[in-house]
Amino acid sequence: MRIALAGQPNCGKSTIFNHIAGYKAITSNFPGTTVKYTETNIHINGYTCHCIDLPGTYSLTSGDPAELEARSHLLSGEVDVIINVVDASLLSRSLELTLQLLELEVPMVLCLNMMDEARRKGIQIDHQKLSKILGIPVIPTIAKTGKGLKELFHEVIHVYEEKTIGINLKFSKDIEEVISQTTSLLHHKGLSEKKVPLRFLAIKLLEDDPLFLTEIQGHNEMVDQIRTFQEKLGEAHGVPSDQVLSSERHALAMNLFEQVATVIHPPARDIRMGIDQWVMHPFLGYLILAIVFYAFFNFIFGIGGYAEKPLLGFFERWIEGSKEFWGKGSLLFFLTQGALHGISGGIAIVLPYLVPFLIGLSLLEDIGYLPRVAFLMDAFMHRIGLHGKSVIPFILGYGCSVPAVMATRILEFPQHRLIVAVLTTMIPCSARITIIFALVAFFIGPNAALALFALNLLIVAFSGRLLSHFFSEPQSLGLILEIPAYQLPPLKNTLKKSWYRIKEFVVIAWPILIIGSLILALMEYFEVEKYINWFLSPLTTLLGLPEIIGTPLIFGLLRKELSMIMLTQALGTTEVLTILSKTQIMVFSVFVMFYIPCLATIAALWREIGKKGALLAVLFGLMVATVLSSLIRVVLEVFPLW
Amino acid sequence: MTLDQIIENRKAKVLDIQGGHGVRKRLSQMGIHPGDIITILRFGALRGPILVEVHGSQVALGRGIASRIIVEEVE
Chain A
46 MRIALAGQPN CGKSTIFNHI AGYKAITSNF PGTTVKYTET NIHINGYTCH CIDLPGTYSL
106 TSGDPAELEA RSHLLSGEVD VIINVVDASL LSRSLELTLQ LLELEVPMVL CLNMMDEARR
166 KGIQIDHQKL SKILGIPVIP TIAKTGKGLK ELFHEVIHVY EEKTIGINLK FSKDIEEVIS
226 QTTSLLHHKG LSEKKVPLRF LAIKLLEDDP LFLTEIQGHN EMVDQIRTFQ EKLGEAHGVP
286 SDQVLSSERH ALAMNLFEQV ATVIHPPARD IRMGIDQWVM HPFLGYLILA IVFYAFFNFI
346 FGIGGYAEKP LLGFFERWIE GSKEFWGKGS LLFFLTQGAL HGISGGIAIV LPYLVPFLIG
406 LSLLEDIGYL PRVAFLMDAF MHRIGLHGKS VIPFILGYGC SVPAVMATRI LEFPQHRLIV
466 AVLTTMIPCS ARITIIFALV AFFIGPNAAL ALFALNLLIV AFSGRLLSHF FSEPQSLGLI
526 LEIPAYQLPP LKNTLKKSWY RIKEFVVIAW PILIIGSLIL ALMEYFEVEK YINWFLSPLT
586 TLLGLPEIIG TPLIFGLLRK ELSMIMLTQA LGTTEVLTIL SKTQIMVFSV FVMFYIPCLA
646 TIAALWREIG KKGALLAVLF GLMVATVLSS LIRVVLEVFP LW
Chain B
3 MTLDQIIENR KAKVLDIQGG HGVRKRLSQM GIHPGDIITI LRFGALRGPI LVEVHGSQVA
63 LGRGIASRII VEEVE
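Going down the list, the protein sequences come from chains A and B. Converting from the first sequence to the numbering used here requires adding 45 to each position, the first position being numbered 1. Converting from the second sequence to the numbering used here requires adding 2 to each position, the first position being numbered 1.
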């Protein structure tokens, strides 16, 4: 049995999914966290259920790529039961999608989620009455705490066995007439109910939906007749036919809402409204934004810096010990040192910064601060030819470039997606942040690291202007973004999410770090790395860096952390300052911050913005990195700061 | 008048939405159609977006979009 979780963005689909699947789907408190579907197999009452968590979609009319993904899945005919998850506190708006899902005539259960939020808003819902009108089970739930989910899946099995298909609410009489005329036209033309019901197809054609119109392309006569029907609807109502149907559906949803829900008291004026008075304030909002990020920065550096030193010392002693034990020039010493650098790189350099960073980021996401940042930054983003929504991929970019590149799917225009995707790869991801913290903040000072972050933002903004100049976009729609209410996430969820992301480092990246470190040790022993370094020597000379840094830069293409670990391996010590000057550390860090994205990111770019886009990101990054870091070198050599 | 001309904390009723298929569709997904009542909550700094409340949810609208929503002020 195949189950699909469908619903509007930020209604808690992924939270429900995680409840049944363990933590597999990332959840956050902003629209558009799930941009591609996640699946899992579960067992209920002897059934093996293949359960899919779809990206949130406001409606079944075509929208951004994430919405299209959800829609094409629902229309594939491969879904046995739909669980329509609805934010009960936004019932009237959510019912519009429900009405469209019912048109698909697939067994369905309505999950009234966030009942606690609805109660706080003073909305009382008669779910039995709603169930009766729609002809499908309606289950109130609170996904955060797991309340009602057992009943929900019980009903899923029930509707699957009974093949319970809901009732299509009727539009006004004249519209229904045109729909039935269209349906019989389609029927006559021999279009069978292959994947979607004819009524659904008819409505979509009347709405002038481009996807379905291409399906009947070639049948000129039919296209003409559909156009006549569209005009008939349009003339009767004085607005285009798509608007006739959407207003009609809106009216039906509002009417339904009034039948089943009563607002028993005005929304409890809770503290969250008060918080927004400050957080979104035209002046204080920016102050708070600065404080939040400054505190965030200090939180990471405080924890990471505290842990890094003793851990590094610990491993350094082991390396010294192995040098004495195996003898300085022996292969076994090279290998032991390589392995220890790989292991210590993970424990002492990456994890101390990565863990607090990911916990902090998860917390900001779950509370719902990011959409507020988008609101505050919209005006600035317009200056660089983008709008506020692009802030979300940018902030995610500080975690990892791969999900950030994927998050560009929440943007409507391909040109915006291209620009934002290229720019997000220039935002330092957690691996590069680790490098900035462990090298710059640790050896030079926290302020130098802060300056680097500021420089990075400046360069990203400048690049944005440059890119949007070249890829001039169509008339931009501007920002339309839902700002969800703050949520106090159960700490358990936030920690689970952080662990899910940390695990990615521990099980995938760390082994690569250790293996890479071993390979470099072997290359050093057999003196192979000389050739790579020789090949890259024009670059390293330009940047004024020792030649041995060439190899770490190449390894950085696999994983950004490798540049750092390999650096200590190549230098033969974690006491970087004994070999590199502070200027060289700055130049190296700036170069690593911008140069070619790692392989995983290039693959993601390829998928999202195509081969040319990926190539653009690579070349653009390389250019910015080379120009900027040689500039920094010159500036710091002319005006030495230390 | 258009939505961006309403003062903070006032309510407005949508009369018409100017613009193509795209704008109308995206606004209707947020629950904004002709006839709906919108409360203006706040204007962003530096001609930033407008925060409004509609059907119980908060939505940020860019000025460009807001200037295409024709409204009349209501009590």
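By construction, these hints were calculated from the structure, which means they are not laboratory data. Quick caveat, the model's predicted, so the values are computed rather than measured. A virtual CB, placed ideally from N, CA and C, is assigned to each residue, including glycine. A portion of the hints provided could be inaccurate.
Listed next, the in silico DMTMM-like pairs over lysine to aspartate or glutamate satisfying Cα-Cα at most 20 Å (straight line) [unchecked claim]:
#, chain 1, residue 1, chain 2, residue 2
1, A, 240, A, 161
2, A, 218, A, 293
3, B, 13, A, 321
4, B, 15, A, 457
5, B, 27, A, 321
6, B, 27, B, 77
7, A, 192, A, 148
8, B, 27, A, 162
9, B, 27, A, 161
10, B, 15, A, 293
11, A, 537, A, 266
Between beta-carbon pairs, the in silico distance windows are [to be verified]:
#, chain 1, residue 1, chain 2, residue 2, range
12, A, 344, B, 47, 34 to 42 Å
13, B, 47, A, 87, 29 to 37 Å
14, B, 24, A, 265, 48 to 56 Å
15, B, 4, A, 88, 40 to 48 Å
16, A, 195, B, 7, 46 to 54 Å
17, B, 4, A, 281, 27 to 35 Å
Using the C-beta atoms of residue 4/B and residue 281/A, is the stated range 27 to 35 Å upheld? 28 Å, holds
20 Å Cα cutoff - pair residue 27/B, residue 162/A: 27 Å, violated
Please verify whether residue 240/A and residue 161/A have alpha carbons no more than 20 Å apart. 37 Å, violated
Residue 344/A versus residue 47/B beta-carbon gap, inside 34 to 42 Å or not: 27 Å, violated
Whether the CB-CB distance between residue 195/A and residue 7/B falls inside 46 to 54 Å: 51 Å, holds
Can the restraint linking residue 15/B and residue 457/A be considered satisfied, given a maximum Cα separation of 20 Å? 27 Å, violated
Is the straight-line distance between the alpha-carbon of residue 27/B and that of residue 161/A 20 Å or less? 30 Å, violated
Would you check the hint for residue 27/B and residue 321/A, treating anything up to 20 Å between C-alpha atoms as holding? 28 Å, violated
Please work out if residue 537/A and residue 266/A have their alpha carbons no farther apart than 20 Å. 60 Å, violated
Quickly compare the C-alpha distance for residue 13/B and residue 321/A to 20 Å and report which way the hint goes. 19 Å, holds
Range hint 48 to 56 Å: satisfied by the CB atoms of residue 24/B and residue 265/A? This hint is violated: roughly 27 Å between Cβ atoms.
Is it true that the CA of residue 15/B sits at most 20 Å from the CA of residue 293/A? Holds: residue 15/B and residue 293/A sit about 18 Å apart, inside 20 Å.
Violation of the numbered hints given earlier is confined to hints 1, 4, 5, 6, 7, 8, 9, 11, 12, 13, 14 and 15; the remaining hints are satisfied by the structure.
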